[in-house]
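Undergrad: Spelled out, the chains give:
Protein chains: 2
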Amino acid sequence: MKASKFYISTLREAPSEAVIASHKLMLRAGITRKLGNGLYTYLPMGVRSLYKLENIIREELEETAGALEFKPTVIVPGDLWKESGRWETMGAQMLKAKNRAEQDMVVSPTAEEAYTAIVRDGLDSYKQLPVNFYQINTKYRDEIRPRYGVMRGREFIMMDGYTMNADDASLDESYNAYEEAYFRIFKRLGLKIIPVKADSGAMGGSGSEEFMVESPIGDDTLIICPNEKCGYAANVEKAECAADESVNKKGEKVPATTLPLEDVATPNVFSIEDMEKFFDESPKMFVKALIYRVINSSLDLSKATGSDKWQQVKDPAGDYYPLSYACVLIRADLDVNEAKLAATLKASEVVLAEADEVLEYAGAPHGFVGPMTAKCPLIVDYSVIKDGEAQMHDAIAGAGKEGFHVKHVEPMRDFVPFINADLRTAKEGDKCACCGGTFYTRKGNELGHIFKLGHKYTKSMHVTFLGQNGKPTEPTMGCYGIGVDRTLASIIETNNDEKGIIWPMSVAPFQVCIVPIKYDGQMKEVADKLYEELKSAGIEVFLDDRNERPGVKFADMELIGIPLRITVGDKNLPNVEFKPRAASEAELVPATEAGAKAVQFVKDELAKLKA
Amino acid sequence: MKASKFYISTLREAPSEAVIASHKLMLRAGITRKLGNGLYTYLPMGVRSLYKLENIIREELEETAGALEFKPTVIVPGDLWKESGRWETMGAQMLKAKNRAEQDMVVSPTAEEAYTAIVRDGLDSYKQLPVNFYQINTKYRDEIRPRYGVMRGREFIMMDGYTMNADDASLDESYNAYEEAYFRIFKRLGLKIIPVKADSGAMGGSGSEEFMVESPIGDDTLIICPNEKCGYAANVEKAECAADESVNKKGEKVPATTLPLEDVATPNVFSIEDMEKFFDESPKMFVKALIYRVINSSLDLSKATGSDKWQQVKDPAGDYYPLSYACVLIRADLDVNEAKLAATLKASEVVLAEADEVLEYAGAPHGFVGPMTAKCPLIVDYSVIKDGEAQMHDAIAGAGKEGFHVKHVEPMRDFVPFINADLRTAKEGDKCACCGGTFYTRKGNELGHIFKLGHKYTKSMHVTFLGQNGKPTEPTMGCYGIGVDRTLASIIETNNDEKGIIWPMSVAPFQVCIVPIKYDGQMKEVADKLYEELKSAGIEVFLDDRNERPGVKFADMELIGIPLRITVGDKNLPNVEFKPRAASEAELVPATEAGAKAVQFVKDELAKLKA
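Chains A and B are the protein sequences, given in the same order. In terms of the numbering used here, the first sequence opens at residue 1 and continues consecutively. In terms of the numbering used here, the second sequence opens at residue 1 and continues consecutively.
Read the hints as simulated data drawn from the structure, not as lab findings. What you are looking at is a predicted structure, and each value in this text was computed from that prediction instead of being measured. A portion of the hints provided could be inaccurate.
Copies of the same chain look alike in the list, so a pair counts if it fits in one copy or across any two.
With a straight-line Cα cutoff of 20 Å, these simulated SDA-like cross-link-like pairs (lysine to any residue) come out [claimed, not checked]:
hint, residue 1, residue 2
1, Lys192, Asp280
2, Lys608, Arg184
3, Lys34, Gly78
4, Lys535, Glu389
5, Lys34, Asp104
6, Lys535, Lys603
7, Lys96, Gly78
8, Lys98, Phe270
9, Lys5, Ala166
10, Lys98, Trp87
11, Lys277, Lys427
12, Lys529, Ile539
13, Lys499, Tyr440
This is chain A alone, in the form it adopts within the complex (with noise of 0.2 Å):
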């Protein structure tokens, strides 16, 4: 391609709004271009990089996770989503319109629903499964704050693969295959990836894996081992860590006691600070009780105090209380994670709850809420207790009376849980429990995401299918998400300098740009017989052809970031000048050697990200 037959725009200053730099390179280069809030164009410098990353997705997808790409369309009827019980749960977040016969439309921001209905149509017996679709299509969804270019967009691009299986074995394996595949695709477009098992939030259902790259913007905090052969990484929703011994303020272990429980007046200890001054102790030996309202918990809790005032709901799909509450107990100087609580409680949110309803559970205000007087369950981090066993001694705890705490407290002794769970937030500093190593944490952005959906879509839209045994069987599902736009800005957002972008060979917009100084008599001459050579290398090469003065060139092709530069100026011949993007200098090399140079480049810099 010439540039006098090419779309270049580049600008020397971004728009102020952009702030990362993705987004401004994207803009500067000429990569992308705003249409609107949250709405991006890709110009043609830019189709060409995200086709390659497309069809990058598709091979993988294709060779190693045995996937088949299909087309549903974008807009799709509102009736899928109120078969599913989704058209309410998803929210603001997604645009819905009426057609002229007034049915409600979706514009997809998923594509669970299209897929399942799809599929369920053809489905007859257990020989047509596994069914592994996917789809790389326009989404979309309708965020607060759009932000950061196509790194979080209204409009956007996603690869979303869905399996339906016949069995829990079968899903297995289709969701290692796509892992292998992302692992491959990631590796191919340079990206360093962390896999982290995460929480899988609203989506419900069980086992799932997000792939993550580092960022300063990203959504996501991340704990990891930094330990390369643990590799422990996860989203600090769902993260463990090992336990830690609780210890007073001169770091000694504190034996059992015997002594009986003892109330201290406190008339103006509130907080944990206001503790460790009165005390004059570690938080470590104090025992935090929390008062949680507790949403949609399907746990059984007739044997749980209070639980008389609460009303368990009948449901086919499982009954629940849509109201409760709990009293967790943590170790001071930890805090409560609620994803993990939630989770414990098999509750849809767990929020803390108001001051009423704290006099109400707890008999005292908040900062004097007791463990041995809550009217709720206790449930009890490992920190407290673990395995029937005290973790911490001669504790002190809020005494459940305004105005005072109480001494001498000893778990299990004085207290017993009703859960004892796994509840603390792991944060930087904590161990990791697989190693022992040091966990730091990361910000985080996701770029894929795999996930079990079990029977969430086939059981609420009636999928089944005759099983070997002859009887009518509900498949169970997988989904699969790249986000492929970010992906691209993330390719960005890790590869660039002061100069540009400096992309990777897989998905250069051009492999490689000749720069003739002045595009006229023997520079002309050498610059055109280079491109046809590499042309008919089948190289992508980019020849710049315009009648700029050099500066402004080497300016917009190191802003557009093309991997290898090949400058042909007078002063050099019959040596023109060799320079990959991301090497500080140049090489003097034969023109007549110089394509055969390229083509090994080329060559070697797709074999570096393909091994």
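With the hints as your guide, set chain B onto chain A.
TA: This is chain B only, laid out in the frame that chain A set:
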């Protein structure tokens, strides 16, 4: 690809709602599956053909028309449509939604606005023009009655290209390049295209061409000259034809008369048929006069009869008359083509006048309207007067008073035109103005369209560039579309037999299929060997390794329409059956030669389409 790894989903019967061949076959062969009314999913078999078609379009647009692919969003801000003025005029076919900030959003039915906004953004100088972008992307039009499957769906895929040009000469170049690309595209798809100069319809602007395929379910009526050298074809809305002589009922030419006009009482004569009986004469001897209401004419009517009653509105875009009237004269055996009439009157619309309007402007009711007594300008068809000469003589017309006609009418003597133009509707049997051939008509379906938009969008959306003369200049635009799904359906519509689809090689989902009678023993061995041989020769080969009866496999492969089948049966070994889908008979070929022969077959078929 092996059948066991693919998704084959064939049906014996198409759902009853499918009435045309392509719709039936796309459902039966597992090309598409319905997701909702007017919403079709492409299944993996369909995606393969769809993408091949898309890539042929890409190749030709890039190579032949120099177009560059861009990718605007599917969802665009309603504000852009308000800017262009189409927010209101697009009507209910445009799907609109409000985002969470209550902003209007549009699911793109077409992308003039998006393109114009995007290109406007970076446009400074004439040096940047032309900007020639296309996309192949999702569109949505809320059809009232979607039908015929993807032939007229609600969501569809469109190739839409746009050029912004510095001047008309540049626009002509772009337009011609797209035209050439279109011919190449449709040739490669094996489609016989009728290029048609079309009325530009609601799009505005001038200069357009439609690319039609003959189809019994076509939306348009085409007037076609059978003379291949001539090749004239036009939409009935625009078709011109040769003048034919006015003759009396004996077939004689009638000389000019010198007799004066003579009123004849015709109390019960209202229609042309009544006149034929009453006067015992051919309608070719009658002048038909019709009063039309004319909306938004931008003609200068200041010197026209009746113009004192009409208000001219001053407008920077051109002064116009919101309402005026015209009396149209045409030979009574012919019909007025209202599209031609509106174009002649530079009007947005023409409508036959109501009874009270007819009375006002003709002085008589419908049936008695006369050329000599009309109180509005005479717009005269070439069948009555041409080049200042009467084409009818001694004619009969309405007398302009109820119950009377008038004889001995001599055009040019008794009345002269305000405007003289071609206004007749051409029809089957009319003669071609170019070559004299006798027209026939066909129903046609529009697959593509090229169109000179002119300044419509650059004016309303305020686009300018700095011209070569240093002055801000308004660019001109062209737009170019191909209905991708509809083209795919048309290929099937014209390439099928009672067994199924007969794909042209260029868009077949697979090029060759290998069907072992039983996938076992020596048959398996030979089939596998051939499969590997063809794969490594770069052939897209499908191996039907299913454990099904041969009849089932044959029927599926024929229904799906793979262009070549190689059957491996133990009765024939060491020969195999070599059967092109379009051939009636199979040929026996040594298995050792079948691979090379298949490669050649694929090559030849592709070459035929590309020639």
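Undergrad: Please go over all the hints and tell whether each is borne out by the structure.
TA: Cross-check of the supplied hints:
1. Lys192 to Asp280: For Lys192 and Asp280, the Cα distance exceeds 20 Å both inside one copy (47 Å) and across copies (93 Å).
2. Lys608 to Arg184: within (12 Å within a copy, 40 Å between copies)
3. Lys34 to Gly78: between (29 Å within a copy, 15 Å between copies)
4. Lys535 to Glu389: neither (72 Å within a copy, 64 Å between copies)
5. Lys34 to Asp104: between (29 Å within a copy, 17 Å between copies)
6. Lys535 to Lys603: within (14 Å within a copy, 23 Å between copies)
7. Lys96 to Gly78: For Lys96 and Gly78, the Cα distance is within 20 Å both inside one copy (8 Å) and across copies (15 Å).
8. Lys98 to Phe270: neither (54 Å within a copy, 48 Å between copies)
9. Lys5 to Ala166: Classified as between; 16 Å across copies, 53 Å inside a copy.
10. Lys98 to Trp87: both (14 Å within a copy, 17 Å between copies)
11. Lys277 to Lys427: So Lys277 and Lys427 fail the 20 Å test inside a copy (25 Å) and across (101 Å) alike.
12. Lys529 to Ile539: within (14 Å within a copy, 33 Å between copies)
13. Lys499 to Tyr440: neither (31 Å within a copy, 65 Å between copies)
Violation of the numbered hints given earlier is confined to hints 1, 4, 8, 11, 13; the remaining hints are satisfied by the structure.
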